[in-house]
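Below are the chains, spelled out letter by letter.
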Amino acid sequence: MPDLAAAEQSETQFAELVDAVAADPVRQEQLAELLREDHPFYSQRGGAAIVRMRGWVLLALARTGVSDRELPFVLEEFDTGTDAYLVAAAARALRSYARPSAAFAPFVMRALNNIRDEPLSFEGYGEYPTSSTDTTPVRELLAVLAWLGPHARSKLPELASLRAQPGRFCKKLIAELDRTVAAICGNRQPEADQTDDCCTTPAHLGQEWWPFHERKGTETVDSIVFEDHDGTPIRFGEFFKGRPSIVVFFYSRCDNPWKCSLTVAKLARVQQLFKERGIYGQVQTAAITYDPVFDLPKRMREYGRERGLQFNAQHRALRATEGFDALRSHFCLGVNFIESLVNRHRVELYVLDGAGRVAASFERIHWDESQVVDRACEVLRQDAAPPVAARPSFGGQGQVTGTVLGTLASLAWAFFPKCPMCWAAYLSIFGIAGFQQIPYPSKTHPALLAVMLINIVSVWFRARATQRIGGFCFVCAGIVATILGKMVMNWDNLAAGGIALTFAGSLWGAVNIRQLQFYLRRIGCNFG
Amino acid sequence: MAGKTRAGRKLKMTRKAKRTREAVGGGRAFWIATNKQKTIQERVSALAHVPMAVGEGDNNLQAVLGVLRDVKEPIEVRLAALQSLQAASFSVVAFESSSGDYRATLRNIAQDENPELRERALSVLAQQKDGFAQKKLLEGLQNPQKALVPPQKALQLLSYDVHADAYKAARAIVNSPPNPVAKSEALRLLSADATAAPMFEKILLDKSESRENRQLSASALHALDPEKMQTLARDIVLDASDYDDIKATSLTALTQFGDNAAFARDQTLRKSVDLMKTRGSDELQLSASQFLSKLEA
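Going down the list, the sequences are from chains A and B.
The numbering of the first sequence is my numbering, which starts it at 108 and goes up by one.
The numbering of the second sequence is my numbering, which starts it at 12 and goes up by one.
Calculated directly from the structure, the hints in this document are not laboratory data.
Treat the hints with care, as some may be off.
What the hints assert, rightly or not - Below, computed lysine to any residue pairings styled on SDA-like, alpha-carbon distance capped at 25 Å:
(1) B:146 / B:131
(2) B:146 / A:237
(3) B:239 / A:406
(4) A:405 / B:205
(5) B:157 / A:237
(6) B:179 / A:400
(7) B:282 / B:246
(8) B:140 / A:234
(9) B:146 / A:364
(10) A:323 / A:436
(11) B:239 / B:303
(12) A:323 / A:462
(13) B:146 / B:192
(14) B:305 / A:406
(15) B:83 / A:238
(16) B:146 / A:234
(17) B:157 / B:139
(18) A:373 / A:481
(19) B:146 / A:126
(20) B:239 / B:252
(21) B:239 / A:430
(22) B:140 / B:73
(23) B:140 / A:122
(24) A:373 / A:442
(25) B:157 / A:120
(26) B:179 / A:144
(27) B:218 / B:294
(28) A:405 / B:210
(29) A:373 / A:216
(30) B:140 / A:117
(31) A:405 / B:263
(32) A:405 / A:340
(33) B:305 / B:234
Based on the provided sequences and hints, a complete structural model is requested.
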């Protein structure tokens, strides 16, 4: 729930709060909190207001000093930022970090290549200069490279190439670029403990991993109803349980090419890697929209396809038709809204285990596709054989009993007819099977046929929703065999076979096989 | 081999001569454009030829930016300078290094006394989703005394950025429009607001509403809630008392995005559209023909 007091405060009040927090050494840690996209302060603000507010927090960090806690927020601006003010403020903030690292250089170069230069003012909150100033994003980024000094040496060829581009920089900036290159090439050598290569420091930046037994349950989201890219409804519990999944969030109206568009394109690459590693059928992917009201199935389908995403029953684009707030709170999504529209979001990807629980997350900094696939493989292995530490001790009988009872309850729940359609299925089977025992079977035939019809329709709807038509085919074959056996050929064995087929098909359609497999694996694990 | 070398040399010389001609031409035009002794006509005419020269060096660009910023310059010359710089920003690679100065100058002249210059500067800035321009436009909508452009123009410019926080202001204008054009612009802006579907449904069904607004509502509703639009479009097509242009829009929606199989079974709709093929406005007849030919395809 948004904090109304925060949401109702003016931008000026926010700026005063940031200044007060930055000036108080005890409260300075709160600055990182103020950069979280889901902070109530950012609720119901326009995009430009959010830029001004976040920029002010980054400038406060430049005064207090950036720690490891705030580093992802700063590097995120270089990685995916498109706003000159935020990139420049992040550049100023980074220079307050305790030690320069070669790992920062690729981020800075990326920003230097992406950003358009413009005059900025950091003097007062929300100021826009109306004449040339000495503060520009390119100058701030060059200052970061100069601060990195010898740690940025690997980027000298790229800088030379930028310098050679006609019209890329004005004369003043070229002079500044030359000074930056001189600072990088200077005699100073990286200190012994700073001789890192470009991939050491932030390799796991923005990544988290939860051990098997510390993962959060999905009770609050199991009943969330999604609609996929084809308009097929499916619940969270139905789709995400049974196999590990990779989940990304996006919205089709995102105007930042380095965020949603790139995220979905990278998800397509992940699908490709699944194929190359032979796990395409074992791990699912889902692209869930932040903007479920606007992103209708057709929009999601086109958006995904244009970026190379493949869709089928295991790989879907989803919009929450009910319960988006619960989903937002379950994943702690880094997103905020103005009315129904996203006003700011981070890049985020989650690896879910076979029980739909979050096992790993990649946030803010763009993830490497191979790393994501590695994580998915790890989760896949854990699901097949959960960690030994997870096994309950056999001395604890109560614990074993609890697990067995829980598993049996799950199976009972799976087999228990939960809706009128399921009742119809069971009635059709037991009704046909009891033909011989009913005193006046001919009078009951129409009723039983009607029940069979209801069953076949219910199985069809179920098959369409889950995109598994195997059960439906079994039921059709079973009903045909039963009718032929009972009414035409008078061959009881055929009828019995038909009943068995109908029963199997109905169960196949009603039970989530993957979920069942998962529970069976749990039984196997608990007993040895 | 020798022939090849001669041809190469000739081509090189031709290119050099062309470059020199262009430089002299651009230089001359640039000199006239920035020369206050020349007539307004001459300077405006010269400014039309300077976009290439503008990108040839920082000094040229700064001189034209100076003309644009200078409130003592005739407004015709300043407008021509703006046009010239805008053309250069599209066509000259070298302009990139000075784009920041250009943006700062645009922010400066967005508050100029001349309304046309203000509007054109704000247009360029709004297309770049500039925070300064958005802030000024929103301030003007909330407080008309501070408005730099008329409300309809402000709404049009704010609609370039879906994240511009303009929905609240647009809704206020729909409820209490200062003029009919402003209301239409507000509706156009709100057509990206996913929660506005019920409002568009109401306007579409309101026959007392202007036809332009009803058409806008039809296309907005189609984008926001296509299923609802399909139902309403059928009702409108069957409504004998509704206007031909609204029916034509509804028929187009059905033709483009409707369920053909369902329409093929819908005899009532088919009969009505058959009649429209020969009666009604040209636009309606055309829409009816397209609908029927798609049905028969």
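_So, against the hints stated earlier in the document, which numbers end up violated here?_
none
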